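Visitor: Take a look at the letters that make up each chain.
There are 2 protein chains.
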Amino acid sequence: MTKMIDFQTDPSRYRHWRVEYDGPVARLVMDVDENGGLFEGYQLKLNSYDLGVDIELNDIVQRMRFEHPEVKVVVMQSGKDKVFCAGANIRMLGGAAHSHKVNFCKFTNETRNAYEAAEEESGQKYIAAIKGACAGGGYELALACNHIMLTDDSASAVGLPEVPLLAVLPGTGGLTRVTDKRKVRRDLADIFCSIEEGVKGQRAKDWRLVDEVIPNSKFDETVTARAREFAAASKKPDVAKGIALGPLNRKITDNAVTYDLVEVDLDRAARRATITLKGPEGDAPADMAAFEAQGDQAYMLKLCRELEDAILHLRLNEMEAGLWIFRTQGDAEAIAAHEAVLGEDHWLAHEVRQYWKRTLKRVDVTSRSLAAFVEHGSCFAGVLAELLFSVDRTYMMEGEFDGDNRPMAAITLTDANFGPYPMANGLTRLQTRFLGEPDCVDAAKGHIGEALEADEANDLGLVTMILDDIDWEDEVRIFMEERASFSPDAMTGMEANLRFAGPETMETRIFGRLTAWQNWIFNRPNAVGKDGALQRYGTGLRGDYNMERV
Amino acid sequence: MTKMIDFQTDPSRYRHWRVEYDGPVARLVMDVDENGGLFEGYQLKLNSYDLGVDIELNDIVQRMRFEHPEVKVVVMQSGKDKVFCAGANIRMLGGAAHSHKVNFCKFTNETRNAYEAAEEESGQKYIAAIKGACAGGGYELALACNHIMLTDDSASAVGLPEVPLLAVLPGTGGLTRVTDKRKVRRDLADIFCSIEEGVKGQRAKDWRLVDEVIPNSKFDETVTARAREFAAASKKPDVAKGIALGPLNRKITDNAVTYDLVEVDLDRAARRATITLKGPEGDAPADMAAFEAQGDQAYMLKLCRELEDAILHLRLNEMEAGLWIFRTQGDAEAIAAHEAVLGEDHWLAHEVRQYWKRTLKRVDVTSRSLAAFVEHGSCFAGVLAELLFSVDRTYMMEGEFDGDNRPMAAITLTDANFGPYPMANGLTRLQTRFLGEPDCVDAAKGHIGEALEADEANDLGLVTMILDDIDWEDEVRIFMEERASFSPDAMTGMEANLRFAGPETMETRIFGRLTAWQNWIFNRPNAVGKDGALQRYGTGLRGDYNMERV
Chain A
12 MTKMIDFQTD
22 PSRYRHWRVE
32 YDGPVARLVM
42 DVDENGGLFE
52 GYQLKLNSYD
62 LGVDIELNDI
72 VQRMRFEHPE
82 VKVVVMQSGK
92 DKVFCAGANI
102 RMLGGAAHSH
112 KVNFCKFTNE
122 TRNAYEAAEE
132 ESGQKYIAAI
142 KGACAGGGYE
152 LALACNHIML
162 TDDSASAVGL
172 PEVPLLAVLP
182 GTGGLTRVTD
192 KRKVRRDLAD
202 IFCSIEEGVK
212 GQRAKDWRLV
222 DEVIPNSKFD
232 ETVTARAREF
242 AAASKKPDVA
252 KGIALGPLNR
262 KITDNAVTYD
272 LVEVDLDRAA
282 RRATITLKGP
292 EGDAPADMAA
302 FEAQGDQAYM
312 LKLCRELEDA
322 ILHLRLNEME
332 AGLWIFRTQG
342 DAEAIAAHEA
352 VLGEDHWLAH
362 EVRQYWKRTL
372 KRVDVTSRSL
382 AAFVEHGSCF
392 AGVLAELLFS
402 VDRTYMMEGE
412 FDGDNRPMAA
422 ITLTDANFGP
432 YPMANGLTRL
442 QTRFLGEPDC
452 VDAAKGHIGE
462 ALEADEANDL
472 GLVTMILDDI
482 DWEDEVRIFM
492 EERASFSPDA
502 MTGMEANLRF
512 AGPETMETRI
522 FGRLTAWQNW
532 IFNRPNAVGK
542 DGALQRYGTG
552 LRGDYNMERV
Chain B
12 MTKMIDFQTD
22 PSRYRHWRVE
32 YDGPVARLVM
42 DVDENGGLFE
52 GYQLKLNSYD
62 LGVDIELNDI
72 VQRMRFEHPE
82 VKVVVMQSGK
92 DKVFCAGANI
102 RMLGGAAHSH
112 KVNFCKFTNE
122 TRNAYEAAEE
132 ESGQKYIAAI
142 KGACAGGGYE
152 LALACNHIML
162 TDDSASAVGL
172 PEVPLLAVLP
182 GTGGLTRVTD
192 KRKVRRDLAD
202 IFCSIEEGVK
212 GQRAKDWRLV
222 DEVIPNSKFD
232 ETVTARAREF
242 AAASKKPDVA
252 KGIALGPLNR
262 KITDNAVTYD
272 LVEVDLDRAA
282 RRATITLKGP
292 EGDAPADMAA
302 FEAQGDQAYM
312 LKLCRELEDA
322 ILHLRLNEME
332 AGLWIFRTQG
342 DAEAIAAHEA
352 VLGEDHWLAH
362 EVRQYWKRTL
372 KRVDVTSRSL
382 AAFVEHGSCF
392 AGVLAELLFS
402 VDRTYMMEGE
412 FDGDNRPMAA
422 ITLTDANFGP
432 YPMANGLTRL
442 QTRFLGEPDC
452 VDAAKGHIGE
462 ALEADEANDL
472 GLVTMILDDI
482 DWEDEVRIFM
492 EERASFSPDA
502 MTGMEANLRF
512 AGPETMETRI
522 FGRLTAWQNW
532 IFNRPNAVGK
542 DGALQRYGTG
552 LRGDYNMERV
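Residue numbers (the numbering used here), protein chains in the order written: chain A, 12 to 561; chain B, 12 to 561.
No wet-lab data here; the hints were simulated from the structure.
Check the hints yourself; a few may be wrong.
Same chains, same label: a pair holds when it works inside one copy or across any pair of copies.
Here are the simulated lysine-lysine pairs, BS3-like style, with alpha carbons at most 30 Å apart [claimed, not checked]:
(1) K289 x K229
(2) K192 x K541
(3) K93 x K216
(4) K229 x K194
(5) K247 x K262
(6) K372 x K194
(7) K541 x K194
(8) K541 x K456
(9) K56 x K229
Just so it is clear, the structure is predicted and the values come from calculations on it, not from any experiment.
Excised from the complex, chain A in its bound form:
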């Protein structure tokens, strides 16, 4: 699996999904092309999916919010006759490297979270309309919807057969949503997760696994009625027209990925990627009407799209780049001006903010060591300063550097750092940072709008280390070399534990707890060994298990 995985797509290229738009209601039809797998060696039978199918879904969810703001209800349904979705493709999982499995699950989790949150964030409510078998990852697709409707016939059931059938967990939020979202009684959940055939009809409703069970003969009309009803009750403001998300201007070469505003430089020998974000060149749009006219070329939107693509590209295609360094170059005041326009009460401003929120969360859960360098000429202001509080460490230049005539390194806080971009734990990054000294959040707030140079930023606790011209080069070099020398697994485990202090949410549990257990199981011979359940799936033989309990 070494071919490059591209996260960019558009409706003209979809092979697995189609969307039928009808005013406030959209039909999202899953109709997976068996022969459209991302890699060789498996067929995507029974609406099973691989990363390619999920890349399309992610694209749809994103376009729904920007290109189709008129949509208030999305009905997710199957284009196949007897199956809703059979879940992640087992042969794909059986053949995939451990790292691919883990990153595949992370991306699918992010996509589920994105459409699950679309109701609360943007008033786009997802309904799962289930006809036919809905198993494993298929039921996890439904679990992330806001309302689950199941037809009542002998063939239609929801199930999580991973444990009995494959010796792995329902790892795309399945277990967590069963306990925390659906609040299924734990002994019933235990039964539900132990049976291959799933649960049908009224029992599915009684056990809180679905919201409605409907006779087959009335299913389609009830789904349609429910969609209209939800649309009518929606509080989402009417928006007539969205903006188009055109293709990114991206150039991939051996050691770089270059966009208009983002540049990724790879130093493979040093196992390092440097991600540089550029400040805006033109003036900020006067208001959101002007922003909307710029569409996908508006700086704040374009930067976010490019950053997101760079993150996804690096995660799946550059597995050995274990350290990412974030840099910025540009005019901090200009950033603040561009960002200020997003304060307007406007649908598009709202969507752009939500998009930054999601993208910053992608940074938070990225299993790489993350650092930021606040250099002279940088523009860590507002939402870009959030990157400083997302990464593991921040190094900042202090004082004049010989031969460097760029503006003095500074950090500029704005309102963006105190509310609109919460982490998965529900707190802002500064609140999480200062959990032990909550007064520091207020102290920082008192300096909104100021260009905080090294000493002041350090006193306020905003950076890890400030370094002058004498020390900078050696210190950051030693840090980078040291970091790149540690065991990547230990780094992943350490960072997953250190990054999310404070409260837990369903989201932090999915990434922190469920994922960790799934990763463990994805390493165990009972699941992935040559006689393990994943390899033996479809042979009629059960996995040959070591029965020792750990």
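Given chain A, work out where chain B should sit, using these hints.
Guide: Here is chain B on its own, set in the frame of chain A:
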């Protein structure tokens, strides 16, 4: 590592710790016997520990509460000159099976939690008085204390060098207590967990890693003064005399472990252990004075001690017994009477309740499939009924069974099921069970004291399944066979996710998140492979790492 591990010990047998009692202050001195390892093949140098060292510590913490209720402050210190504690013994870890490592960490975690909670629960406050190197598991010992004092000299430092040195995590709560208890700023925590040499002096205080830094010349006197001060300020009521915890009456044979009140039957072919708890034979003590006179022979205390020992024995010595079945036989009313005495406001009643709380939590976090059978003649009343809500599934006999003249199966709820025994998540087991239908908790409360037979117990949602004479045998057999056939790893992961719905606490995070990541790393070649860091430790060679990030 196949020799039997015995969790029972007493002060006459300690090799690694000594305790000096002096009124309200006890000195707990760690002075590990290098040659006293539980297994062959390693020496416990530099106060490093293995499971045997922790079994003694667990015994001390327990006796402190029952035998020495006069103690209000415990000072944990080292008996060696230049080292506080070097942490878990690396050669032991390097040589141990994956399952031993995981169960070792679980037990040490439970011991840390037990003395950490002793201040809040029983007014026994633990001080860590650190002189010399305090690294890894050594610092984790200190982190679980309620107050950390560090001497200020060139040799004394606290550190978590696991990640850089061993490519594993500080898995005994280290990472979680750094972020959640000490609330160390995350970038400083990142540095702290990445450096081998640890942090000394004032910086350790500034970074919130310790509570006090004291000049070496004044250290001993300051520790003594602080201990007296805390003892004087303690709200713990004065208790002149404790009760002695004598040896358990236990007989271990090939297929059974037999105590006075608990019987464990092993069916190794079926990979199953059946744990039967017997009801009391004599009358309940009239009051806590009578209970105290009975001492360790009092039913409620004796039963808990035997149950705890059985749990620990099965966990470490019977790894393939993947399914535990809990049964009871006896008089439910008698149980309720014995339990009612514990309602008295009396130090010993309080300690016995806290002990049940800890023991029930041991059940909750046990990585085995757990079930309870409510049979005719059973006595699941009050605290014993908590077992029903701790296990994964409960099967109950319904109606008369042919040839069975024992009293009809029933469940009796008491106040014990509605408050005194919270789970690690801070909720009662019934609250957790009914997270989706909180009214069910009140409904159950309305039936306190009633003998609830199958239909009623089922209607109240207290059992998973009720089965009559015709179905019982087949159904429970199928359940047991099926359960024993699943991949143990998948079961462990599933159960860890399903058992703890609702809020998270530091404790649930340690067992749910930190442990899961550590287990994953304990399976990765970078840590445990033949060229991994654990094997290479001490050779001067760093681990040979696969640098792919997962």
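Visitor: Which of the listed hints are not met by the structure?
Guide: 1, 2, 5, 7, 8
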